[in-house]
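There are 2 protein chains.
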Amino acid sequence: MSSPATSLSTDPASGTRDFLPEDMVVRHRVFDTIREVFESHGFDPLDTPAFERLDVLTGKYGEEGDQLIFKILKRGEQEATGEADLALRYDLTVPLARVVARYGSQLVTPFKRYHIAPVWRADRPGHGRFREFFQCDVDIVGSDSLVADASVIATATDALDRLGLGGFRVQLNSRKALRGLIAAYGVDEAREADTLIALDKLDKVGVDGVVAELAERGIPSAAIEALGADLSGDDLHGAVRERLEGTEAGRAGLAEVDRILALLGGEVAGGTVAWSPVLARGLSYYTGPVWEFVHDDLDATIAAGGRYDGLVGMFTGTDLPAVGSSLGIERILLLLAEQDQAATGPDVVVTIMDDDGATDAMEMAQEVRTAGFSADLWVGTGKFGKQLKYADRRDARVAVIAGAREREAGTVAVKHLASGDQATIDRTALVSHLTDLLG
Amino acid sequence: MSSPATSLSTDPASGTRDFLPEDMVVRHRVFDTIREVFESHGFDPLDTPAFERLDVLTGKYGEEGDQLIFKILKRGEQEATGEADLALRYDLTVPLARVVARYGSQLVTPFKRYHIAPVWRADRPGHGRFREFFQCDVDIVGSDSLVADASVIATATDALDRLGLGGFRVQLNSRKALRGLIAAYGVDEAREADTLIALDKLDKVGVDGVVAELAERGIPSAAIEALGADLSGDDLHGAVRERLEGTEAGRAGLAEVDRILALLGGEVAGGTVAWSPVLARGLSYYTGPVWEFVHDDLDATIAAGGRYDGLVGMFTGTDLPAVGSSLGIERILLLLAEQDQAATGPDVVVTIMDDDGATDAMEMAQEVRTAGFSADLWVGTGKFGKQLKYADRRDARVAVIAGAREREAGTVAVKHLASGDQATIDRTALVSHLTDLLG
Chain G
149 MSSPATSLST
159 DPASGTRDFL
169 PEDMVVRHRV
179 FDTIREVFES
189 HGFDPLDTPA
199 FERLDVLTGK
209 YGEEGDQLIF
219 KILKRGEQEA
229 TGEADLALRY
239 DLTVPLARVV
249 ARYGSQLVTP
259 FKRYHIAPVW
269 RADRPGHGRF
279 REFFQCDVDI
289 VGSDSLVADA
299 SVIATATDAL
309 DRLGLGGFRV
319 QLNSRKALRG
329 LIAAYGVDEA
339 READTLIALD
349 KLDKVGVDGV
359 VAELAERGIP
369 SAAIEALGAD
379 LSGDDLHGAV
389 RERLEGTEAG
399 RAGLAEVDRI
409 LALLGGEVAG
419 GTVAWSPVLA
429 RGLSYYTGPV
439 WEFVHDDLDA
449 TIAAGGRYDG
459 LVGMFTGTDL
469 PAVGSSLGIE
479 RILLLLAEQD
489 QAATGPDVVV
499 TIMDDDGATD
509 AMEMAQEVRT
519 AGFSADLWVG
529 TGKFGKQLKY
539 ADRRDARVAV
549 IAGAREREAG
559 TVAVKHLASG
569 DQATIDRTAL
579 VSHLTDLLG
Chain V
149 MSSPATSLST
159 DPASGTRDFL
169 PEDMVVRHRV
179 FDTIREVFES
189 HGFDPLDTPA
199 FERLDVLTGK
209 YGEEGDQLIF
219 KILKRGEQEA
229 TGEADLALRY
239 DLTVPLARVV
249 ARYGSQLVTP
259 FKRYHIAPVW
269 RADRPGHGRF
279 REFFQCDVDI
289 VGSDSLVADA
299 SVIATATDAL
309 DRLGLGGFRV
319 QLNSRKALRG
329 LIAAYGVDEA
339 READTLIALD
349 KLDKVGVDGV
359 VAELAERGIP
369 SAAIEALGAD
379 LSGDDLHGAV
389 RERLEGTEAG
399 RAGLAEVDRI
409 LALLGGEVAG
419 GTVAWSPVLA
429 RGLSYYTGPV
439 WEFVHDDLDA
449 TIAAGGRYDG
459 LVGMFTGTDL
469 PAVGSSLGIE
479 RILLLLAEQD
489 QAATGPDVVV
499 TIMDDDGATD
509 AMEMAQEVRT
519 AGFSADLWVG
529 TGKFGKQLKY
539 ADRRDARVAV
549 IAGAREREAG
559 TVAVKHLASG
569 DQATIDRTAL
579 VSHLTDLLG
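If you read the protein sequences in the order shown, they are chains G and V. Quick note: the first sequence uses this note's numbering, first residue 149, plus one each step. Quick note: the second sequence uses this note's numbering, first residue 149, plus one each step.
Here chain G stands alone, though its shape is the one from the complex (with noise of 0.2 Å):
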């Protein structure tokens, strides 16, 4: 290094996070919890490169998404031209069309896969957005059946369940529903998008600010009358599925919304899924069925999804019906870094209390280990209060310890540490000792 080594900054690069032993556990917990719910479902990891060539992305994320791809120049002789060729994933759904167009009859269809790993963005850093965040996405591609719909809402359900989550619900709705919708107050075709923006927002601003809304994007005002007098009456879902049924869209997504419902038998682990009639899904990718669970308790959306069957024919030029739910995993890891009070140290700090005792030190830890308990050794320098304070910051939960004295009676003095009760044993006696304190 030619600079001074205290100039540089340690701090990781600007919008990303270093993850130390105590947020790794609640992640490496999650992350197994989720990976066995979706394999116990029946689907299978997938895993791809974290850049992919420069023109795989451009043009798939709108010009706003295209100012986001962070871009790897070219290298060697080429580096000086100031290119890129090659850029960080943007997202897991383009990697998932790019190889279901590479792989084609290599794989089992309908494919079933998942597929959790981090993506990057150059957004504005803030507060709980990052520049490289995970995704964790459930997909099928190859089916228009609505049992593949029902299966990942039912996927994702029984994960949230697993991970402490319950208490959601799921909202569901379809595009074609929302289509129907719209012919059915009178709007036109052309103002679907404005109109859907604007009743997406209804949780949020209430029917009066939906109004003041759709009155400012220009709708007409008939059927703003009309929508508004729906929205903010006695059965909003009685009014809506009569309107919705005078439609052959209203129809189609209605009876979409219906054959879930009863596929999922109305209620799901972990929470209850009923028909949101106004739920739109900000993307507008989605072709038929999209939900949401949100939970109010931590008035947070956790998970969301829906079919999107344009989108994963990119590569072939095809359409390829597609369904698929994403869980909230950034959001879901930090409300569960906060709730999780679990003991994460290892079972055993084995401590060495003179250079004679270190090989049957390493004995012991390896004898702990091989009855099953995590065994850590203390491999420092120092007196016995600084190896006992190693253990206590490592949230052991028993120190060992064996002195000259112990080894030449063979014995050797096992401290529970949270009571702080120590009991000398004789040295065989050891993991029969430790089965017994630790259970």
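Note that these hints are calculated values from the structure, not bench results. Mixed in with the good hints, there may be bad ones.
Identical copies look the same in the list; a pair holds intra-copy or inter-copy alike.
[Claimed, not checked] Heads up, simulated DMTMM-like pairs for lysine to aspartate or glutamate below, C-alpha to C-alpha not over 20 Å straight-line: (1) 222 - 233; (2) 531 - 543; (3) 222 - 203; (4) 349 - 383; (5) 352 - 447; (6) 352 - 187; (7) 537 - 502; (8) 352 - 504; (9) 537 - 292; (10) 222 - 212; (11) 537 - 170; (12) 537 - 584; (13) 531 - 292; (14) 563 - 396.
Mind docking chain V on chain G? Use the hints.
Same frame as chain G, but now just chain V:
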């Protein structure tokens, strides 16, 4: 997209790989096993961002290494400058050094961490050489006790053994012993690197090859003669030990080796450990003990490591003792992918014979999952034959079948796919029947 979709290659970027489900099963199994072993030895997980600020990485890997760093273009208005401000992680050691400098006393000392993660190098892709590949490091920072060295050896040993890669030899030496050796043969200190590079090739090129290379590198002929005689003598270990005992560095190095051998008890899980008098390890930053895990049957070095007391302090400007083992995880994954024959599919595939049976099929799948089995559900459209073919391609063990006839009779058919045996049982007995069948 402005260009036709079909003009795009769907291959992963050069030097990178897609990991399809069959690859991922092996990778997950290997990573999970390693994690479990590392944690049982008291090592904590750490993760750092995929990219660092460019100035954190440059100058750390020599001129050649700097050329291989993937640099990330500035964004927004600054993109046009063609300059980079970020770069993809090149190894896991510089991030460790940054973390140690950044979080200091927030970390428990000695700091025992493992890190399993991808790194990126713009190397020319080739057989078994990738631009995105995983590293798997276990390190202890903040201890100069040789118990730390022995611990990282024992940890790597245990992990390899648990992966079924027993049968290796741990070759152990010390950089101090090598310095003593050079001195003992009368080679100038300034020629140490040249001499070690030549010596390190003994296994590959034999004594004559080493002697020829030493001559080529201009090492004095008296030294070459003495070295050649020792290398081809009956008792290499004895001859070198005698020479080492004549120098201070040599005695210090021998003491390190002997102490680690004593701590490990001469034998380790899955292999043997012995002094290897001419093992040097290529990297220049090692300062004390060094080792390699050589697997003769597999003709591969599957792990390596050593003590590097001068490196981790790079950001603080103070030396900080550190020692670590690296598993050759990509090589290990290749070896195990070849060996791995274990079934990977779901326990059960629940078929759907008609729309009316779909809700019950979903329920059955969930019952089976609750009982602890994995249950895939047919989510496609298509006749029974197609569904059985799917179950077969998924490597499922059992298919559960309920058509209109079964539903009416309150029964369900269970087909064992390997044997072809099929039994029709009471619907209520499904879980107990599967428990008997699948164990």
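*Alpha-carbon proximity context of residue 222 and residue 233, limit 20 Å*: The answer is both: 6 Å in one copy and 14 Å across copies each meet 20 Å.
*asked:* Reference check for the pair residue 349 and residue 383, CA-CA at most 20 Å: within, between, both, or neither?
replied: within (19 Å within a copy, 83 Å between copies)
*Between residue 531 and residue 543, at a C-alpha cutoff of 20 Å, which is it: within one copy, between copies, both, or neither?*
Only inside one copy: residue 531 and residue 543 sit 19 Å apart there, 57 Å across copies, limit 20 Å.
*Up to 20 Å CA-CA - residue 170 versus residue 537, copy category*: within (18 Å within a copy, 46 Å between copies)
_Same-copy or cross-copy closeness of residue 352 to residue 187 [CA-CA at most 20 Å]_ = Classified as neither: same-chain Cα gap 36 Å, cross-chain 45 Å, threshold 20 Å.
*Under a CA distance limit of 20 Å, which applies to residue 537 and residue 584: within one copy, between copies, both, or neither?*
For residue 537 and residue 584, neither the intra-copy (24 Å) nor the inter-copy (51 Å) Cα distance is at most 20 Å.
_As a check of your reading, is residue 563 near residue 396 (CA-CA no more than 20 Å) within one copy, between copies, both or neither?_
The answer is neither: 74 Å in one copy and 42 Å across copies each exceed 20 Å.
*Indicate which option fits the pair residue 531, residue 292 if close means a Cα-Cα distance not exceeding 20 Å: within, between, both or neither.*
between (68 Å within a copy, 15 Å between copies)
*When no copy is named, should residue 222 and residue 203 be tagged within, between, both, or neither for a Cα gap of at most 20 Å?*
both (14 Å within a copy, 18 Å between copies)
*asked:* For residue 352 and residue 447, with the copy left unspecified, which applies at a CA distance of at most 20 Å: within, between, both, or neither?
replied: Answer is within: at 11 Å inside a copy they meet the 20 Å cutoff, but 64 Å across does not.
*Checking residue 537 and residue 292: alpha-carbon separation at most 20 Å within a copy, between copies, both or neither?*
Answer is between: at 19 Å across copies they meet the 20 Å cutoff, but 60 Å inside does not.
*Indicate which option fits the pair residue 537, residue 502 if close means a Cα-Cα distance not exceeding 20 Å: within, between, both or neither.*
within (17 Å within a copy, 65 Å between copies)
Checked against the numbered hints given earlier, this structure breaks hints 6, 8, 12 and 14; the rest are met.
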